[in-house]
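Student: From just these sequences and the hints, can you work out the full model?
Order-wise, the sequence lines are chains A and B. Those letters in the first sequence? Residues 6 to 85, per this note's numbering, in order. Those letters in the second sequence? Residues 66 to 206, per this note's numbering, in order.
Source of the hints: derived by calculation from the structure; they are not laboratory data. Hints are not guaranteed to be accurate.
Derived CB-CB ranges, DEER-like [claimed, not checked]:
hint, chain 1, residue 1, chain 2, residue 2, range
1, B, I79, A, S62, 28 to 36 Å
2, B, W139, A, V37, 27 to 35 Å
3, A, V37, B, I79, 22 to 30 Å
4, B, L146, A, L29, 31 to 39 Å
5, B, L146, A, A67, 28 to 36 Å
6, A, V71, B, L149, 27 to 35 Å
7, B, A157, A, R85, 29 to 37 Å
Ideal placement from N, C-alpha and C gives every residue a C-beta, glycine not left out.
Next come the chains, spelled out residue by residue.
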Amino acid sequence: MAFRVLRVAAIVELVSLAVLLTNLATAHVAAVASLVGPIHGCAYLFVIGAALQLTRSRTTTALAAVPIVGGLLALRRIRR
Amino acid sequence: MTKVLLSIHVLAAIIAIGPVSVAASMFPAFLRRGDTGALRVLYRICTVYAAIGVVVPVFGLATATSLGVLGDAWLLASIALTVLAAGLLGLAILPRQRSLLGSVSARAEARRLGMLTGLFNLLWAVVVVLMIVRPGSTTGA
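Tutor: Have a look at this one:
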C-alpha cells in the first residue's frame with residue numbers, strides 16, 4: 006500500500022512541477038497555477054509520509070524530502 | 066478558482082478528519098473489551114486517513130492565499146490549533162494506539178487515550194467553528 010502510494014506520489018510530484026513550469030513559461034493561466042500548486046505540495050508530503058511508513062532509514066527519508074525528485078530517489082533506494 | 070480550492074479543502078476535511086475522529090474515539094472502548102481484531106482495523110483507519118489528512122492544510126493554505134486572508138487573526142489561531150491537534154495525533158495518540166494493539170483490557174491506558182482523543186476532537190471542533198464564524202472578519206456569517 007505505502008509502496009504504491011510512494012510510486013504514484015513520486016510521479017505526481019515530478020509531473021505536477023513540469024505542468025507548473027510549462028504553464029509559467031507559456032500561457033501562465035492563474036487557475037492552473039493555483040490548482041496544480043497545492044497538488045504538487047500534497048504529492049511532496051505524501052512522498053515523505055510513504056517513505057516514513059516504508060522504512061525507518063534516515064537516509065531514505067532525507068532523500069524523500071528532497072524537492073521535485075525526492076520521491077524517485079527514495080523509490081530507487083527502497084527498490085535496491 | 067477559490068471555490069474549487071475551498072471545495073477540495075472542505076471535502077478533504079470531512080472525508081479525512083471525520084474517520085480519524087470516529088475511529089480514534091472508538092479505540093478506547095474496544096481496548097477495554099480486549100477486541101484486538103477491531104483495534105487493528107481502527108488503528109489502520111486512523112493512520113491511513115491521518116495521512117490523507119495532509120490534503121486539508123495544503124488546500125487550506127492555498128484557499129487562504131487565494132482569498133487574501135492568510136494574515137488574519139482567526140486564521141492564524143486556526144493554524145496554531147491545527148498544528149497542536151496534528152502533533153497530538155501524530156506524537157501521542159497514534160504511537161499509544163500502536164503500542165496497545167495487542168493488549169487485552171488495559172483500563173488505565175484506555176482512560177488516558179480516551180482523554181487525549183477527546184482533546185483532539187475538541188481542538189478540531191474549535192477549528193471548524195473558527196472557520197465558520199471567522200471572528201473579526203467581514204465575510205463571516
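Student: All hints are to be evaluated individually against the structure, with a verdict given for each.
Tutor: Taking the hints in turn, this is what the structure says about them:
no.	hint	result
1	I79(B) to S62(A): 28 to 36 Å	holds, 35 Å
2	W139(B) to V37(A): 27 to 35 Å	holds, 30 Å
3	V37(A) to I79(B): 22 to 30 Å	holds, 26 Å
4	L146(B) to L29(A): 31 to 39 Å	holds, 34 Å
5	L146(B) to A67(A): 28 to 36 Å	holds, 30 Å
6	V71(A) to L149(B): 27 to 35 Å	holds, 28 Å
7	A157(B) to R85(A): 29 to 37 Å	holds, 35 Å
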